[in-house]
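Undergrad: Since the structure of chain A is already known, use the hints to place chain B on it.
Order-wise, the sequence lines are chains A and B.
Residues are numbered in the working numbering as their position in the first sequence, beginning at 1, plus a constant of 1142.
Residues are numbered in the working numbering as their position in the second sequence, beginning at 1, plus a constant of 1.
It should be emphasised that the hints constitute simulated quantities derived from the structure, not laboratory data.
Among the hints, erroneous ones may be present.
For each label pair, taking beta carbons as the anchor points, the in silico distance ranges come out as [unchecked claim]:
1. A:D1294 - B:A88: 24 to 32 Å
2. B:P92 - A:R1275: 25 to 33 Å
3. B:Y209 - A:S1372: 56 to 64 Å
4. A:L1169 - B:G235: 47 to 55 Å
5. A:P1333 - B:Y111: 53 to 61 Å
Straight-line alpha carbon distances no greater than 25 Å define the calculated DSS-like cross-link-like pairs of lysine-lysine that follow [to be verified]:
6. B:K265 - A:K1416
7. B:K74 - B:K64
8. B:K74 - B:K12
9. A:K1430 - A:K1323
10. A:K1430 - A:K1416
11. A:K1155 - B:K287
12. B:K12 - A:K1240
13. B:K123 - B:K71
14. A:K1416 - B:K168
15. B:K12 - A:K1305
16. B:K64 - A:K1416
17. A:K1323 - A:K1391
Keep in mind that this is a model prediction, so the values were computed, not measured.
Glycine included, C-beta positions come from ideal geometry on N, C-alpha and C.
Here is what each chain is made of, one letter per residue.
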Amino acid sequence: MPEITMRLPVPRKAVAPSAPRGGEKHLVAPGDTITTDTGYMRGHGTYVEEERLVASVAGAVERVNKLVCVKALNSRYNGEVGDVVVGRITEVQQKRWKVETNSRLDSVLLLSSVNLPGGELRRRSAEDELAMRDYLQEGDLISAEVQSVFSDGALSLHTRSLKYGKLGQGVLVQASPSLVKRQKTHFHDLPCGASVILGNNGFIWIYPTPEQKDEEAGGFTTNLEPVPLSDREVISRLRNCIVALVTQKLMLFDTSILYCYEASLPHQIKDILKPEVMEEIVLETRQKLLDLEG
Amino acid sequence: MASVVLSEAEKLYIVHGVQEDLRVDGRGCEDYRCAEVETDVVSNTSGSARVKLGHTDILVGVKAEMGTPKLEKPDEGYLEFFVDCSANATPEFEGRGGEELGTEIANTLYRVFSSESSIDLKSLCINPREHCWVLYVDVLLLECGGNLFDAISIAVKAALFNTRIPKVRVLEDEEGSKEIELSDDPYDCIRLNVDDVPCIVTLNKIGYRHAVDTTLQEEACSLASLLISVTSKGALTSMKKVGKGSLDPESIFEMMETGKRVGKSLHIALQKILDEEESLGTSRQKVGFLG
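So here's chain A without its partners, still in its complex pose:
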């Protein structure tokens, strides 16, 4: 029987802040005065108006000695060198690809920054240029690392490691970049049976864990075999859990995703996105995370 539920809309409840650890965060909205003390240097997200420092973005105030800046809560991705990103190819140009990474400008992936099949090390020739489209086309997803930042703010990516490259079958979830916690590694093989890549740009890729680890990675041959049903269930459940965490504005890292997955096990996969179930699961996750710290 088809399951169709309709409900009346419920006014949004303010998400109760968890116990503050290490001092309260000073949250500001655009136009709020940060300080009237003129001794501070203004950083990103602030401007001076009539001898007071005013915030221009909505976020938390950060102060380092005399420098005051406001870190926005929801903005486009600002890349740093060394970040792991998941991006989608938008254009194939001469000797480079344009990649969409949820930043202000499309990022650039140069032909010289990708590995050639077979791991050869040579100068890229005209034939390599013509074969670019065979490797990465418009719409393909890749995982890459930020190599450098151009002067206009565009990122230059590279996939010169076996763990980066074209992504195969899986599910993409889009979140805000500020919700992805910076960690040592962004590639996680979760014990529930799937793997996840937490891109710093907010793109999260969930995919079935590949069996062999020493295959010719770098994504030249995409595995097009159908994914078994058990793996699909894990991936769908993870996807719904991550969407729940994003909706409730919880930081995304491997532990929080795992706790959320465990809290969601008593419910059916399609029920996780119902508002009351979502709240219950995220509350349980938050509680477990606080217990872990305290």
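TA: Okay, now just chain B, sitting in the frame of chain A:
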């Protein structure tokens, strides 16, 4: 239509998922996303409704105005549909970009309501050949998250349920000229009977199976789809095939059966929520757009 770009591997994953009856968000092929319905959101209309189906957001307003009946149907009122694809939904709709989609949806709505039994147009007549009520149904697309036609038809039915048309009396003078008198009580109005108003069910063919209520990503993987309009009793009133791909006649029959089944459940769920909202009366907390 707003569309997303997907890689071949992602599309394959979605297609295989539909074939195994486990879609990306865990739903089966016949399950709808959680829908939020609210009526009476726009104060200067005769009836309005807002429907949120996943990421699809539709606002419908119904305005009742006095007009002259059409020549071929002198004792009936009529409905006029207008669909506005707001640039809020996607940048593609900016300027005149959304006109094509808007006219397509409006024409589909005309077709769905062209059946005589869907709505009692004779109740909209005031004076045969002279005066009748014309219901202008305006649909506004606020956000595009897949499955537009279903959400629009649900919103139109909810808005028509919510429509309150003021009661008028026709007075005749000695000279024979007619005067229309509006009743003094603002709550004295007639309601429309929406029991037979059909809802559209879109069935998208993905791989070898078909799915209802598809997201934008799933729509990118389907080549052909069937739009059918079903009444609450399970009767089919119209059918339309969209898409570049072809459909086998056998699969069309299967899709029609699925559509009828799903349509009946859709009507039951919608009527239940409309009755619930009605029973709350004035104590209902209106959420609107800022809730």
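Undergrad: It remains to establish, for every hint, whether it holds in the given structure.
TA: Okay, the hints, checked on the actual structure:
1. Between A:D1294 and B:A88 the CB atoms are about 27 Å apart, so this pair conforms to the stated range of 24 to 32 Å.
2. Distance hint for B:P92 and A:R1275: a CB-CB separation of about 26 Å, consistent with the stated range 25 to 33 Å.
3. In this structure the hint that B:Y209 and A:S1372 lie 56 to 64 Å apart at CB is violated, the actual value being about 21 Å.
4. As the Cβ distance of A:L1169 to B:G235 is approximately 54 Å, the hint placing it in 47 to 55 Å holds.
5. For the pair A:P1333 and B:Y111, the beta carbons lie near 56 Å from each other, so the given range of 53 to 61 Å is met.
6. The straight-line distance between the Cα atoms of B:K265 and A:K1416 is roughly 22 Å, inside the 25 Å bound, and the hint therefore holds.
7. As the CA atoms of B:K74 and B:K64 are separated by approximately 21 Å, the hinted pair is consistent with the 25 Å bound.
8. Distance hint between B:K74 and B:K12 is unfulfilled; the C-alpha atoms sit about 50 Å from each other, more than 25 Å.
9. For the proposed pair A:K1430 and A:K1323, the alpha carbon gap of about 17 Å is at most 25 Å, so the pair holds.
10. This hinted pair checks out: A:K1430 and A:K1416 have alpha carbons roughly 21 Å apart, not beyond 25 Å.
11. Restraint check for A:K1155 and B:K287: satisfied, since their Cα atoms lie roughly 14 Å apart, inside the 25 Å limit.
12. With a C-alpha separation of about 21 Å, the suggested pairing of B:K12 with A:K1240 holds against the 25 Å cut-off.
13. Of the supplied pair hints, the one linking B:K123 and B:K71 holds, its CA atoms being roughly 12 Å apart against a limit of 25 Å.
14. Proposed proximity of A:K1416 and B:K168 is contradicted: the alpha carbons are some 41 Å apart, above 25 Å.
15. Our distance criterion of 25 Å between C-alpha atoms is met by B:K12 and A:K1305, whose separation comes to about 23 Å.
16. Among the hinted pairs, B:K64 with A:K1416 is inconsistent with the structure: their alpha-carbon atoms are about 34 Å apart, more than 25 Å.
17. Between the alpha carbons of A:K1323 and A:K1391 the distance comes to roughly 12 Å, so the proposed pair stays at or under 25 Å and holds.
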